[in-house]
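Student: Required output: the full structure, derived from the provided sequences and hints.
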Amino acid sequence: MIIGTENYLAVSLLLFVIGAVGVLARRNLLVVLMSVELMLNGANLAFAAFARARGVLAGDVIVFFVIAVAAAEAAVGLAIVVALFRKRGTVNLDRFTSLHQ
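The letter at position 36 of the sequence shown is residue 35 when you use numbering that gives the first Met the number 0, and the numbering goes up by one with no holes.
Don't take every hint at face value.
Here are the computed distance ranges between Cβ atoms for each label pair [to be verified]:
1) VAL22 - ILE61: 18 to 26 Å
2) LEU23 - LYS86: 24 to 32 Å
3) GLU5 - THR89: 40 to 48 Å
4) MET0 - LEU56: 40 to 48 Å
5) ALA24 - LEU77: 32 to 40 Å
6) ALA19 - ALA70: 18 to 26 Å
7) VAL30 - VAL10: 16 to 24 Å
8) ARG85 - LEU13: 34 to 42 Å
9) ARG85 - THR4: 41 to 49 Å
10) ASN27 - ILE1: 15 to 23 Å
11) ARG25 - ALA52: 30 to 38 Å
Bear in mind the hints are in silico, worked out from the structure with no lab data behind them.
Note that beta-carbon positions come from the ideal geometry of N, C-alpha and C, so glycine has one too.
Tutor: Structure follows, in structure tokens:
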């Protein structure tokens, strides 16, 4: 059985949709950040699938850039979560009405 580009795109879409639902439905900041990571991984898989199908290197280069941005986002996001938890004692997004105080 040959795994085609359609299969990769289906899994990519599934990852992206799961991430989008997690961002829209959850109120926990950590879960929202993990859902954003899922969305980035879905986009990465689509870039890699198209790069493989077309035989070009540009898609792989974009994948590496997205991985670098995702790593930076995870580090900065986790630092913000820790700071907010220390200040407010919760990571529930409904409790944050403003960023000052």
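Student: Which hints, by number, does the structure contradict?
Tutor: Violated: hints 4, 5 and 10.
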